[in-house]
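Using the numbering used here, you'd call the opening residue of the sequence shown number 1 and step up by one each time.
Rather than coming from a laboratory, the hints here were simulated on the basis of the structure.
Watch out, some of these pointers could steer you wrong.
As the list claims (entries may be wrong) - DSSO-like, lysine-lysine: derived pairs with alpha carbons at most 27 Å apart:
1) Lys72 with Lys141
2) Lys64 with Lys6
3) Lys64 with Lys3
4) Lys72 with Lys145
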Amino acid sequence: MDKQSKFLILALVVLLIIISSIFTVYITYKINSESSYSSKQPYILNSVKDKKYSLHIFDSPQIKVDILVSSKRNDDTEIENMEFDEIRTELATRFGGVTVLTPFNGTTIHNETRYDGVNNSGFYVVAPNTIENLEWFVNYKQTLKDRLHQDRIFMTFSPTVIAP
């Protein structure tokens with residue numbers, strides 16, 4: 001085999017390696033982007049009737065649900081402690097336990113207006129990761145908004161695994 005043929009074969013092999021490397025990187029990127037949290041954030045719509053389109057469940061056995069509640073109603077009146085105790089009892093009864101956060105201060109900005117909350121309340125619950133529980137929490141958030149006369153209640157869901 002002459003020198004030119006060997007060079008041509010070597011060039012084809014190098015080109016084949018480069019193309020297969022690019023293909024491998026592309027496939028790896030596609031697989032990772034489809035399974036990553038950043039590309040498919042869990043979301044919950046206000047209407048949870050159509051489970052196919054409304055809920056994505058984390059890939060964890062439990063979820064941690066944080067519920068942060070202002071200490072004041074929309075009309076700036078204080079929410080009584082007994083109402084927070086009622087929330088505590090409801091959550092503990094349904095999920096077997098609840099953690100009440102110590103009063104805390106927070107700041108939000110809504111429509112370019114700053115709101116400084118003092119002595120806000122919060123709870124967190126670790127619950128089984130089911131569609132039924134996610135639906136219950138979404139409905140419960142609306143229940144709390146109505147009951148406490150608040151425009152907004154901050155609620156988050158996080159994947160959780162309890163240590164053995």
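Hints versus structure:
no. : hint              : verdict
1   : Lys72 with Lys141 : holds, 16 Å
2   : Lys64 with Lys6   : violated, 63 Å
3   : Lys64 with Lys3   : violated, 68 Å
4   : Lys72 with Lys145 : holds, 12 Å
Hints 2, 3 from the list above are not met by this structure, while the remaining hints are.
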